[in-house]
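Engineer: Going down the list, the protein sequences come from chains A and B.
Counting from 1, one number per residue, gives the positions in the first sequence under my numbering.
Counting from 1001, one number per residue, gives the positions in the second sequence under my numbering.
Please note that the accuracy of each hint is not assured.
[Stated by the list, open to error] Straight-line C-alpha distance at most 20 angstroms; calculated DMTMM-like pairs for lysine to aspartate or glutamate:
(1) A:Lys10 to A:Glu62
(2) B:Lys1158 to A:Glu57
(3) B:Lys1180 to A:Glu134
(4) B:Lys1158 to B:Glu1092
(5) A:Lys228 to A:Glu28
(6) A:Lys70 to A:Glu5
(7) A:Lys183 to A:Glu134
(8) A:Lys20 to A:Glu7
(9) A:Lys129 to A:Glu195
(10) B:Lys1158 to A:Glu62
(11) B:Lys1180 to A:Glu77
(12) A:Lys193 to A:Glu62
Keep in mind that the hints were calculated from the coordinates and are not lab data.
Small disclaimer: the values here were computed from a predicted structure and weren't measured.
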Amino acid sequence: MNAIETENLKVWYGDKLVIKGVNLEIPEKTVFAIMGPSGCGKSTLLRAFNRLLELNEIARVEGDVKLYGKSVYEMDEVVVRRKIGMVFQIPNPFPHMSIYDNIALGVRYNKIAKNRKEIDKIVEWSLKKAALWEEVKDRLKDKASNLSGGQMQRLCIARALALRPEVLLMDEPTANLDPVSAKKIEELIFELKKELTIVIVTHSPAQAARVSDYVAFLYLGELVEVGKTEEIFEKPKNELTEKYLTGRMG
Amino acid sequence: MRRFKDHLFLVYLVASTIFVVLPLFHILFCVFANGLPVLMKGGMNFLTGVLPAPGDGLGGIGPAIVGTLVLTVLATLMGLPIAVLTGIFSAEYPNSLIGRATRTLLLIMMEFPTILVGLFVMNILVIPLGSYSALAGALALAIVMMPYVAVYTEQALKDVPSRYREGAFALGLRRRTVVKILMSMARKGVVTGILIGIAKVAGETAPLLFTAGGSYTVYFQGINRPIGAVPLLIYQLVQQPYQNYHEIAWGASLVLMLIFLAIFLPIRLSLKEVKL
Ligand SMILES: Nc1ncnc2c1ncn2[C@@H]1O[C@H](COP(=O)(O)OP(=O)(O)OP(=O)(O)O)[C@@H](O)[C@H]1O
Ligand SMILES: [Mg+2]
C-alpha cells in the first residue's frame, strides 16, 4: 500500500513553475529520501504534501496528492496536517513554552486527549518515542529554549508524533545539528519506520544511504530517478543522479 | 593625518550628539527646576485640589489629572481592540487588498496632523450633541492612538521568524490558535506599541482642543460632559496673563512628565523578552 501518491503534481510561485508534474509513489512504513541540488524544489514538494504551501499566498498547486488513496486537497487541511506531521530544518519548538506544553498544545487543540491525565501519558509516550524522555523527564516545565539544538529537534519530532501521524515529513532534519545529535536522529528514524512512513529530504548521499529504503532524485522540479536505495546507489540509471551521488554536482 | 581625521570625526560625533540631546535635557531640567518648587509649595493639594481664580494662589489640578486618566482609559478601551486586530490582520494577510490598504492608511494616519482629528470628531460628535464631552475627547485620542498600536502589533508579529508560524500550522492548529501563539511570542513588541500609543495620547493637546472642552473646577461629571486634561490645561494656562496660572502650568508639566515616565518605565523593565 502506498502512504502517499502524487499525480502530475505542479507547483507555481507566482508564474514560476517549480514542481513540474511529479508522479511519485511512497510505500507505507518505509523511509523515503528525496535528494537533489539546492533549489530543485524538495521543500516545496514536502509542503505540497501537508498543504503547508497554502500559507504562501503566491503558491499555486495543480494535480493531486493522495494520502492512503484519499486526496489531501479534499480533506480538511487541519486533519491533513495532523495525519502528515512535519519536522523542519531549523528546530522550531516554541521557545517561550515549556517542553511539556510544546507537546500538549497540538494534542489539546486536535482533541486527541480528553483530560490532563491522558495528555500526561501522551507527552511521556511521545518523548520516549523521540528518545528524549530520559534527558528531560525531570524538567518538563523548563522552557524549550533551554534545550540544546539536538534536543530541540527531538522535541519537534516528539510533538509531531504526539498527534499519531501516518506520515512524517522531515526537511533536512539534521542539517543544523552536530554529528552526535544527527546520529541520534538517524537511529530514531530507523525505529520510527516500523510504525509510520517517513519522507526525508537530505543533502547528504551518505545519510540517504544509511537511513532510507527508497530514494527519489529531483532536478529542477522534475523527478529524474526513483528506486530502491541500494539499487540507485549501486547503479544509477541517470547521468545526473550519478553526478550528484558522486559529489560532482552541488 | 589619518589618526587626526578619525579623532576629528569622533569629536564631531560627540558634539552633534550633545547638540541633539542637549535640548531634551534642557527641557527636563527646566520642567524640574520650575515645577518642583510648585509641587513642594502646593503639596498634596496640588494633585487633588481644583483650579483657583486668577491671582488666588496655587489650588490644584486634580480634575485635569483625573481627566487625563479617564480620557486615556476610554481612548484605550475604544481604540485598542480594533487596533490590535487591524495589526494582526495586516500581518496575517499582507498581500490582501484590505491588508495593503490598511497598512498605507495606518502610515498616513501616523503622520496625520492631530488637530485635524480633533476637527473631524468635533464635526461628527460635538456639533450633533451640542457639547464638548469626555466621549468626544476620548474618540479623538483613540483615533490618534490606533495607528501606533496597529503598526507596532503588525511589525512585532512579522518579526517572529516564519519557522514558528509554519511549525504551528504543521501541528494542525487553526489560524486563530496560531495567531495566539505568535502574539505571545511577539508580546514585547505589541506591549511596547500599546505603551507608546498610550503615552502619546496621554500627552496630546491638539486632538482635545475642539473636543474635550476642559473642566478644571469640578471633577469628572460623566462621559457626555466636558472634561479636562493635563496637557490641555497647560496649554490653556500659559495663554493667561496671571502669575499663579503660570506657576500651576509648570507644576502641571512636571506631573505630566511623571505620568509619562510612570507609563513607560515599570512595564518596559518588567517585560520579559522571548528568546527566539
Ligand atoms: N516563497 C517563495 N517564493 C518564491 N519562490 C520560492 C519560494 N520558496 C522557494 N522558491 C523557489 O522555488 C524553488 C524551489 O525551492 P525549494 O525551497 O523547494 O528548494 P529546495 O530543493 O528545498 O532547496 P534547498 O535544498 O536549498 O532547501 C527555488 O527556485 C526557490 O527559489
Ligand atoms: Mg529546502
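Engineer: So, against the hints stated earlier in the document, which numbers end up violated here?
Structural biologist: 3, 10 and 12
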